[in-house]
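Protein chains: 2
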Amino acid sequence: MLTLSSRGQLMPPSPIRKLVPFAEAAKKKGVKVFHLNIGQPDIETPQPVLDAVRHSDFKVLEYSHSAGNESYRRKLVQYYKKAGIEIDHTQIIVTTGGSEAILFGFMACLDVGDEVIIPEPFYANYNGFAVAAGVKVVPVTSNIETGFALPPIADFEKLITPKTKAILICNPNNPTGYLYSREEMETLKQIVQKHNLYLFSDEAYREFCYTGEPVSAMQLPGIEENVVLMDTISKRYSACGGRIGALVTKNKQVLDSVMKFAQARLSPPSFAQILGEAAVDLPDNYFDATKAEYLKRRNTLVKRLNEMPGVTCPNPGGAFYAMARLPIDDSDKFCQWLLESFSYNGQTVMLAPASGFYGTAGLGKNEVRLAYVLNVGDLNSAMDCLQQALKEYPGKK
Amino acid sequence: MLTLSSRGQLMPPSPIRKLVPFAEAAKKKGVKVFHLNIGQPDIETPQPVLDAVRHSDFKVLEYSHSAGNESYRRKLVQYYKKAGIEIDHTQIIVTTGGSEAILFGFMACLDVGDEVIIPEPFYANYNGFAVAAGVKVVPVTSNIETGFALPPIADFEKLITPKTKAILICNPNNPTGYLYSREEMETLKQIVQKHNLYLFSDEAYREFCYTGEPVSAMQLPGIEENVVLMDTISKRYSACGGRIGALVTKNKQVLDSVMKFAQARLSPPSFAQILGEAAVDLPDNYFDATKAEYLKRRNTLVKRLNEMPGVTCPNPGGAFYAMARLPIDDSDKFCQWLLESFSYNGQTVMLAPASGFYGTAGLGKNEVRLAYVLNVGDLNSAMDCLQQALKEYPGKK
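Protein chains in written order, with numbering that gives the first Met the number 0: chain A, 0 to 396; chain B, 0 to 396.
For reference, chain A alone in the conformation it holds in the complex (with noise of 0.2 Å):
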């Protein structure tokens, strides 16, 4: 018999898309699905980035160097300037996606049965590059009654043996959209230098932040060769198809070693670098329309669940998630049943069941990831949909 890789077997599949089958049923059927499950903003590409690739004129699609091209590197380095970060273009390398920048950093820098400590709940999908990298995810609790804060040093602190090698955060968070306050950043700064961590830092979301400026993990003074920037151009340009993120450090052993990861798999995409090149010279006002929206719908978002009975929803101080939790028995069953058996006015709502978010067997139970990537008017019959959702559902708690 073939078998497959135990890695193989024991890759998650995704909590996200395990749902997709009832929503397509759910079609199928005449009914609307409002997709609040995935981060996969409405916001149109800004034409002028479109127009960068439209209007390109190359007679062959080569390669690009392994790190990306030199110019869009160089270009990289005006941007992370605007956003408060001093680096060179040799400390950048631009990587196919956010994903790949995460793959690469765990693979140069943690070894088979090392563990990275991760705030849950999680962006799922660090599940599945520790398992291709052969790493353990050590989850620390944060929690709904704190908005999603970062857990104090001392929960840390329990968690660290001799296989800790890392702490990854996601700021501002995916899923809980929580903003990590410059303390917060302090306190990590304190926990990875007092114990030679390396400190991964995502930072997809940078630009969409509601209730202050971010922290850069890139700002803390003396851990330098600690911090990896795991980037993307993803969410900032509404470019999630183009593949584009970069694998940001100060510390040259971890270029040099993610380099040959990048030199095997020849160069990132082509076209997407020439995109994500253009977007550096949209104009600094780009972002305040995408902002506003945003926080409009995170405003419409967050008062119509906390006014529901049982809902309790925290505020978030960035990106475009909001993690509710509600009065239900099980929110995978919950999810399905929206899909599978609910529809108001032939409507119904697609959420993210938030134990896939958590490490942590049991967690978020009666928890839901809602991704505001809809407009208003949408959110509000979304909301009416879930409104009327809890009254039916059979699982009531």
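Since the hints were made in silico from the structure, they are not lab data.
These numbers come from a predicted model, not from an experiment.
Any given hint could be a false lead.
It does not matter which identical chain is used: a pair holds within one copy or between any two.
Stated by the list, open to error - Keeping only pairs whose Cα atoms sit at most 20 Å apart, straight-line, the calculated EDC-like set for lysine to aspartate or glutamate is:
no.	residue 1	residue 2
1	58	292
2	80	283
3	290	56
4	135	110
5	390	329
6	58	43
7	295	85
8	364	61
9	135	224
10	395	69
11	17	255
12	27	69
13	58	377
14	58	41
Given the coordinates of chain A, work out where chain B should sit on it, guided by the hints.
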């Protein structure tokens, strides 16, 4: 001290790219460098497929399906049908280049410590993907004397251990250009059947065969469950920068497992999927001109090489590479010397030392790989340089 992972340290630097700084230095001195070192074709990407991207009309650059756009996968079914390979669209997972197909295949089928037998010399980046996946490459040697034909069954069987899980071939071969015959493919079938192994088949150069029709591993009845095809559009349509490939198999278990790795990284690049989809509609005679061009180049290169005293170059049956044995002490030194210390009429040539393509230490020391990706005029000039260099090189043998 922060430490790199062992695999981060083990990861081999690209043997092809390590001479790049010497080439850059030569160019700064004003020397023209003919690049026969990398498989970046100079053939123009077909205008209609670039136009498909340039005229694409969408508002949001969205994630595609994790397995690739269904419309593209359905088109690919037509492409494979023309190539004599019968599959349906659910048996295709579109990947980020052939690179990702290889990595996914290793990840899903092989565990850390498992062994994959690969005829050497082989595509050097297989080493990189093996290190990333923790898999051990076991080389089985093919020789320049037999034109790099498949080693005899006995040579494979000597290497098979309980850890052996797969054989990986590249057909037609990079770096040797060797095209496996039907008999050789049947031999491989016998081995994988008898020892219950996966047969990974990298068929990136399928369209470029000069001495006969290629036999795909997908065309071997009886081992449908064993075969995993690792494919790419990079060379086929001179679209290396697009980063689009595919993993194709009839093994449902493998598909399901690979799909989980594909979901973790969300989706393959969107722009180049548009290109790939349009490419299937190129006229059936599209490859005729490209193939005729490569054939002319191959004939020029092989003739010129074999006319040089002490040089042996078997006539490759496919791809656009040739391996030559040179009367030199050490091809690493020679290739560096060509860039650092030699020029002829203000020109020199960059070659790939063969040592990087062998898994067995010490082999390939007097061999180089030449990629005939330049026009006949430039190839002749490059051969003029090589001919003169072999007269002047101090490490002659």
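We went through each hint and held it up to the structure:
{"no.": "1", "hint": "58 to 292", "verdict": "between (40 Å within a copy, 17 Å between copies)"}
{"no.": "2", "hint": "80 to 283", "verdict": "within (13 Å within a copy, 50 Å between copies)"}
{"no.": "3", "hint": "290 to 56", "verdict": "neither (33 Å within a copy, 25 Å between copies)"}
{"no.": "4", "hint": "135 to 110", "verdict": "both (10 Å within a copy, 16 Å between copies)"}
{"no.": "5", "hint": "390 to 329", "verdict": "within (15 Å within a copy, 79 Å between copies)"}
{"no.": "6", "hint": "58 to 43", "verdict": "between (28 Å within a copy, 5 Å between copies)"}
{"no.": "7", "hint": "295 to 85", "verdict": "neither (32 Å within a copy, 52 Å between copies)"}
{"no.": "8", "hint": "364 to 61", "verdict": "neither (48 Å within a copy, 30 Å between copies)"}
{"no.": "9", "hint": "135 to 224", "verdict": "neither (22 Å within a copy, 31 Å between copies)"}
{"no.": "10", "hint": "395 to 69", "verdict": "neither (56 Å within a copy, 38 Å between copies)"}
{"no.": "11", "hint": "17 to 255", "verdict": "between (37 Å within a copy, 13 Å between copies)"}
{"no.": "12", "hint": "27 to 69", "verdict": "between (48 Å within a copy, 18 Å between copies)"}
{"no.": "13", "hint": "58 to 377", "verdict": "between (44 Å within a copy, 19 Å between copies)"}
{"no.": "14", "hint": "58 to 41", "verdict": "between (33 Å within a copy, 9 Å between copies)"}
Checked against the numbered hints given earlier, this structure breaks hints 3, 7, 8, 9 and 10; the rest are met.
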